Amino acid sequence: MARERETLDVDVLIVGGGPAGLSAAIRLSQLAKARGGEAPSIAVLEKAREAGAHLLSGAVLDLSALAELLPDYRALGAPLLTMVGRERVYFLTEHRAIRAPLIPPPLANHGNALVSLNQLGRWMAAQAEAAGIDLFTGFAGQEVLLDGQRVIGVRTGDRGRGKHGEEKSAFEPGVDIHAKVTIFCDGVRGNLTKQLRRTLALGQGREPEQFAIGIKELWEVAEGRIDTGTVMHTLGHPLRHEEFGGGFIYALPDRLVSLGLVVGLDYHDPLFDPHVAFNRFKRHPLIARLLDGGRLVRYGAKALPEGGWNTVPRVHADGALIAGDAGSFVNSVRLKGIHLAMRTGMLAAETAFEALQRGDTSAAALSSYQTRLDGSAVRKELEPVRNVHQAFGHGLVPGLLFAGAAMLTRGAWLGDLHGDAGHTRMRTLRWYYGIDLASPAASRDVPPDRVLTFDKVTNVHYAGTAHDEDQPAHLLVHTEVCTSICGTEYGHPCTRFCPANVYEIVRDASGAPRLQINASNCVHCKTCDIMDPYGVITWVPPEGGGGPQYTGM
Amino acid sequence: MKIAVCIKQVPTREWQPRLTDDRTWIREADASFEMNEPDAYALEEALRLREKHGGEVVVCSAGPARVQQVIREGLARGADRGIHVDGAELGAADGFMVASALAHAMRDEAFDLVLTGLQSDDQGHAQTGVALAELLGIPHSTIIMDVEVSEGRVRVKRELEGGWFQWVAMPTPALLTIQSGINQLRYATLKGIMAAKKKEIRSVTPPAGLTPGLKIVGLSLPSKSKQTAMIDGAPAQAAAELVRRLREEARVL
Amino acid sequence: MILVVAEQRAGALNRASWEAVACAQQLASGEPIAILLPGGGDAAKTLADAGVGEVLTVQDAALASYTPDAQVAAVAAVIAQTTPRLVVMAHTYQARDYAPRLAARLRTPLVADVVAVKGSGAAATFLRPMFQGKLVAEVAPQGDGPAIVTCQIGAFRADGVTKGAPAAARALSVALDAPSRQTVEPPFQEARQAVDLGQAERIVAVGRGIKSQDQIAVAEKLAAAMGAEIAASRPICDNGWLPMDRQVGSSGQTVAPKLYVALGISGAIQHLVGMKGSRTIVAINKDADAPIFEVADYGIVGDLFDIVPAMTAEIEKQSH
Chain A
674 MARERETLDV
684 DVLIVGGGPA
694 GLSAAIRLSQ
704 LAKARGGEAP
714 SIAVLEKARE
724 AGAHLLSGAV
734 LDLSALAELL
744 PDYRALGAPL
754 LTMVGRERVY
764 FLTEHRAIRA
774 PLIPPPLANH
784 GNALVSLNQL
794 GRWMAAQAEA
804 AGIDLFTGFA
814 GQEVLLDGQR
824 VIGVRTGDRG
834 RGKHGEEKSA
844 FEPGVDIHAK
854 VTIFCDGVRG
864 NLTKQLRRTL
874 ALGQGREPEQ
884 FAIGIKELWE
894 VAEGRIDTGT
904 VMHTLGHPLR
914 HEEFGGGFIY
924 ALPDRLVSLG
934 LVVGLDYHDP
944 LFDPHVAFNR
954 FKRHPLIARL
964 LDGGRLVRYG
974 AKALPEGGWN
984 TVPRVHADGA
994 LIAGDAGSFV
1004 NSVRLKGIHL
1014 AMRTGMLAAE
1024 TAFEALQRGD
1034 TSAAALSSYQ
1044 TRLDGSAVRK
1054 ELEPVRNVHQ
1064 AFGHGLVPGL
1074 LFAGAAMLTR
1084 GAWLGDLHGD
1094 AGHTRMRTLR
1104 WYYGIDLASP
1114 AASRDVPPDR
1124 VLTFDKVTNV
1134 HYAGTAHDED
1144 QPAHLLVHTE
1154 VCTSICGTEY
1164 GHPCTRFCPA
1174 NVYEIVRDAS
1184 GAPRLQINAS
1194 NCVHCKTCDI
1204 MDPYGVITWV
1214 PPEGGGGPQY
1224 TGM
Chain B
1334 MKIAVCIKQV
1344 PTREWQPRLT
1354 DDRTWIREAD
1364 ASFEMNEPDA
1374 YALEEALRLR
1384 EKHGGEVVVC
1394 SAGPARVQQV
1404 IREGLARGAD
1414 RGIHVDGAEL
1424 GAADGFMVAS
1434 ALAHAMRDEA
1444 FDLVLTGLQS
1454 DDQGHAQTGV
1464 ALAELLGIPH
1474 STIIMDVEVS
1484 EGRVRVKREL
1494 EGGWFQWVAM
1504 PTPALLTIQS
1514 GINQLRYATL
1524 KGIMAAKKKE
1534 IRSVTPPAGL
1544 TPGLKIVGLS
1554 LPSKSKQTAM
1564 IDGAPAQAAA
1574 ELVRRLREEA
1584 RVL
Chain C
16 MILVVAEQRA
26 GALNRASWEA
36 VACAQQLASG
46 EPIAILLPGG
56 GDAAKTLADA
66 GVGEVLTVQD
76 AALASYTPDA
86 QVAAVAAVIA
96 QTTPRLVVMA
106 HTYQARDYAP
116 RLAARLRTPL
126 VADVVAVKGS
136 GAAATFLRPM
146 FQGKLVAEVA
156 PQGDGPAIVT
166 CQIGAFRADG
176 VTKGAPAAAR
186 ALSVALDAPS
196 RQTVEPPFQE
206 ARQAVDLGQA
216 ERIVAVGRGI
226 KSQDQIAVAE
236 KLAAAMGAEI
246 AASRPICDNG
256 WLPMDRQVGS
266 SGQTVAPKLY
276 VALGISGAIQ
286 HLVGMKGSRT
296 IVAINKDADA
306 PIFEVADYGI
316 VGDLFDIVPA
326 MTAEIEKQSH
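Residue numbers (my numbering), protein chains in the order written: chain A, 674 to 1226; chain B, 1334 to 1586; chain C, 16 to 335.
Since the hints were made in silico from the structure, they are not lab data. There may be inaccurate statements among the hints.
[As the list claims (entries may be wrong)] Pairs of lysine-lysine residues, derived as PhoX-like cross-links and limited to a Cα-Cα distance of at most 20 Å, are as follows:
#  : chain 1 : residue 1 : chain 2 : residue 2
1  : C       : Lys60     : B       : Lys1548
2  : C       : Lys60     : C       : Lys178
3  : C       : Lys236    : C       : Lys226
4  : B       : Lys1335   : B       : Lys1385
5  : C       : Lys149    : C       : Lys332
6  : B       : Lys1548   : C       : Lys133
7  : C       : Lys149    : C       : Lys236
8  : C       : Lys273    : C       : Lys226
9  : B       : Lys1559   : C       : Lys60
10 : B       : Lys1559   : C       : Lys178
11 : B       : Lys1335   : B       : Lys1548
12 : B       : Lys1385   : B       : Lys1490
Note that the coordinates shown come from a computational prediction; the quantities given were computed from them, not determined experimentally.
Chain A with its partners taken away, still in its complex shape:
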């Protein structure tokens, strides 16, 4: 028996309880308090079971935005793990690590703090709740509610549907939340922002979005292996000249080490597997020596927006604003996005607050967000490096040269480079290898040893990801492609780029391929939605509350 659909009316709805959304919420409550009188009603939706659970990053935090939002952040107990100490940049070959004589300025982190984004998110959520804001965890934004071209709110996902879509006894239909302004902070390749982009053509006139995948592990290492606060970045091995990205190793207190590999989701090789590359990274002597005798604590993966300033879409519409990773506000050269998420969240909050006061939340009124962004530290930081990722599209060396030039000239005299959506750059097997079918040997890797390196299934266990098994699969795939042309054209790359073994090709008795989706392994990284060469995979949120548990990540 279906229960009636709940509705809720608020002044501001914030979708996403990450650094962007929580900064927006906190800023709104500060503005309301300063003005006095009745505060606007604010709701924050977060699909995870608790704030922070789906947040993952390296991370080295530029403290400037936090200082602006909460100047007394230290007194409030902000979870800064340690300040950055020793810094190193290495160029790796298969066996050697060549140390760069100086730290390239974008990678210089002196004065920044090492944090766990998961912990930071939890702390920020506590600040928001202390300010009286309603944070609804376990509620996933399923659909943007529109009235013509105006965004009037969001509908959350149903809860309590069985595998075949049937209503179970505790079934609750999704809630319709109506808001005067909705601030979309639904993260990298956010499913609602994606809907908005399509419906309102927000990407028109901008460069196509570009992404990378970051795979990260948290390790407990032996005493004395590395000094707390050490920040290391690597280039080169295991990535080739045609692959953009690099590795990071951050030494946290309590013998914990955060390490990972970031790879651009625009590689040519259809058989490239980011997880295989990550295992190769770990086997490099520089890292293997560090991890020897240690213990894996946690694993996770997430996509990140890499395209920069020119790929930021129109971020305002009637009744809507977009902030954080959802708006592609990430500095891919500095490898930093958290402070930009916070800043854009704050600017969106200021815009929304002003619009509410004037009683006008139209696109015209909300376009002051763009004005604020243009005059802000966000633009100052992102505009000079706007072409860097696109330059790497031409290869490692051109990219580095370009990045250097951009830095020196602050990007002033360089025109805008054109980029391509990453999944279009994947070449077919025939183009790349001259073969028609992926042979097992082409996966080119050594089996994991289960001490230093692990297979995806084991790794995913350490992401703590859990979903109610009895629900519809949340990955929508047009599988005709899987069974017809994908095998010969690309060799089923979804089975490789997914870091969680969600996609498997099983063969039936006659050898015909069938796509098996292990939906409950999903860590919500969005790589599949981004990278599949045919563009036939759509990620929608599973039932609220499900997903990874990125404690300490």
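With chain A's structure known, arrange chains B and C on it following the hints.
The following block gives chains B and C in isolation, referenced to the frame of chain A:
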């Protein structure tokens, strides 16, 4: 009916152990917490009983400030108010110590029914509920699948070994530990979450003089090393040898 | 003196009571063991004949059918009379029903679900699982009263009991002053809708190596021959080849039977966390590197379709 539900906050199921340096407890800072799942079934049963018979459901939990999370969740699912026995040492205490703290806070409320889960997913002593019944001086029954309430009495279906069951009746007030999985757990609605913020949570100081009955000398990961006896040979011989060893050595057949 | 409380139903002794005796013998450092059988009857003689210690019985109308009130009163009275140093029983449904109340009444610690004992005598400590088997805890009871220890079913070996010359059985008289507040009806059996693998003593589990749904029959024949329940790793249940309540693993059930036979299961960690507490694990898999072999006590690298029928035949042969 006035129904109390005792709920424990425990590390999440997906949590990977990290121990304190002296190995006598876990590193709580590294853990995420949630409502003990067996207690969630007790709460669901309490809410259903209130729907049938009217009355009030009160969620009780003992532990440090963080346990307010599960009290709030109980309120969000529909409980009317909460009691928090606020003591930092209660989070890791043994069942009798926790039961003593709870009894101290609950005694004067005169509940008709007290429901708990059948054990906690962290320490798993399966003790707190039954000990609480003794401290409150009320009858109890455990691992209950079904509850029938009548005037001043309750008749419950108790689970026994091997697919056996038994109906037991007793006067109220009574305490029941509830079997897991007997009902579908309801979700907390948005309205429920918002309303929970306005519901009362009474904070109680634990009584003086509580002492632990059990001391954890050390925690360890279960030893991984196993001597695997690989049995070689042609299938028929290997099979026969395996059966022999299972019979004579391992004695499991 | 260590007091073991044995359990019976309808005159039949619960086998787990012998495991409690084995545990008590391990704990005893030169002290005698006594066994209490509430309700008395024929089972008392079986206990007495084993010669492990003095058998004590208490009889009362209130003990004819088990109720926690009467049980607690009776055992508490016996403890007051006999002043044991420790009280040991098996961690059965019944023990879970009354032992915590008994401990609370006596204000003594309860150490429940013990899997091993370290040392003996007054300094003995107890090992028990915590955090759903993720950790093992070594605990020490505090205070002077007789601690109550319940041992996990199957952790101590009933056949490890050292027997002796038949002893006597002695009836104790106790006064159960208050009537039991519980009224019980006779127990009954019910066909369960969902399988409770957690109760099974033996489990035969199938994984991807079983290849197709109809070939599960090979495993089912083995299970029937051994008196085992069928279970499966996730892919099998995902395919719908077996219902979800047969799934063992992090997204299914956690089991710890006496015997777990893993057929064609690779041993992904998600499956292992659901079964590695099993006492004896057998793995049969074509792949010598499969992680399942790391947790197995016995392993055969080979084709399960050759090995399993041979096992079934062997077991059936010997039971005739």
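Which hints, by number, does the structure contradict?
1, 5, 7, 8, 9, 10 and 11
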